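Visitor: This is what each chain is made of:
2 protein chains.
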Amino acid sequence: MPNITINHIAVVVEKIDEALPFWRDALGLPLSKTEDVPSEQVQVAFLDVGESHIELVQPTTEDSGIAKYLAKKGAGMHHICFEVDDIEAALAHMREKGVELINDSPKERNGRRYAFVHPKSTGGVLVELYERIIQT
Amino acid sequence: MPNITINHIAVVVEKIDEALPFWRDALGLPLSKTEDVPSEQVQVAFLDVGESHIELVQPTTEDSGIAKYLAKKGAGMHHICFEVDDIEAALAHMREKGVELINDSPKERNGRRYAFVHPKSTGGVLVELYERIIQT
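Order-wise, the sequence lines are chains A and B.
Just so we're on the same page, my numbering is the position in the first sequence counted from 1, plus 55.
Just so we're on the same page, my numbering is the position in the second sequence counted from 1, plus 55.
Because the hints were derived from the structure by calculation, they are not lab data.
This structure is a prediction, so every number in the text was calculated from the model and none was measured.
Be careful, since some hints might not be right.
Computed list of lysine to aspartate or glutamate pairs in DMTMM-like fashion (alpha-carbon distance at most 25 Å, straight line) [as the list claims (entries may be wrong)]:
hint	chain 1	residue 1	chain 2	residue 2
1	B	Lys128	A	Glu155
2	B	Lys162	B	Glu90
3	A	Lys128	B	Glu183
4	B	Lys127	B	Glu73
Could you build all of it, start to finish, from the sequences and the hints given here?
Guide: This is the structure:
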């Protein structure tokens, strides 16, 4: 049995402030973190749900990838991120199975290794992989 | 702290058989159940991921709601289902907060009480609520 969990579901929104009344107040998920990510021209908010999170993503410029996605597809679910123990092993296994990867080797952000899988191999879903961080 | 978890993420696919090579074989999620649901004109497959599931949904007719969704939007994530302890209380709280519900009171299927929340209140995401079944 592989040790895989859902780390987060990313939801693209026009404005985080206008989305929080549903996700935090009406659904009741605790807001755990908000963050400005200038490198990706977005603001994000993380809400806790069991072992997973909902990540609200708001574009901060008009020409970022997320802003273009929002303009084209509208607000809604953007990607699903799974957490695995060994990201190199997971990517190697996927390559063996013929899966098309967006990131052929892991990238790193804030000490977290991650990679994206192309939606054409998943049945239309943008999938991200995170390597689990073992708390010491 | 509310006791909310993600029960499942529903993914609409053309063919479950063509999606399993990614979700089951490449990602490695165990397939726990496949089911024909004639009342909704779909076949579904559930894969386990931590405390949650991925639900692959394939239309079995050309004029079902899911078939029309697939034709219009393409394959991809369809809805996210949260599990709550008391669905009547959750719906009442949402109404108080001005959330628009698709099902104003819970429906029932296979002994499971559920209701859908309108995407216009969530920032574009179709949200389902399940009432947790207490195992005895």
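Visitor: Indicate, hint by hint, whether the structure satisfies it.
Guide: To see whether the hints hold, each was checked on the structure:
no.: 1; hint: B:Lys128 - A:Glu155; result: 22 Å, holds
no.: 2; hint: B:Lys162 - B:Glu90; result: 19 Å, holds
no.: 3; hint: A:Lys128 - B:Glu183; result: 21 Å, holds
no.: 4; hint: B:Lys127 - B:Glu73; result: 20 Å, holds
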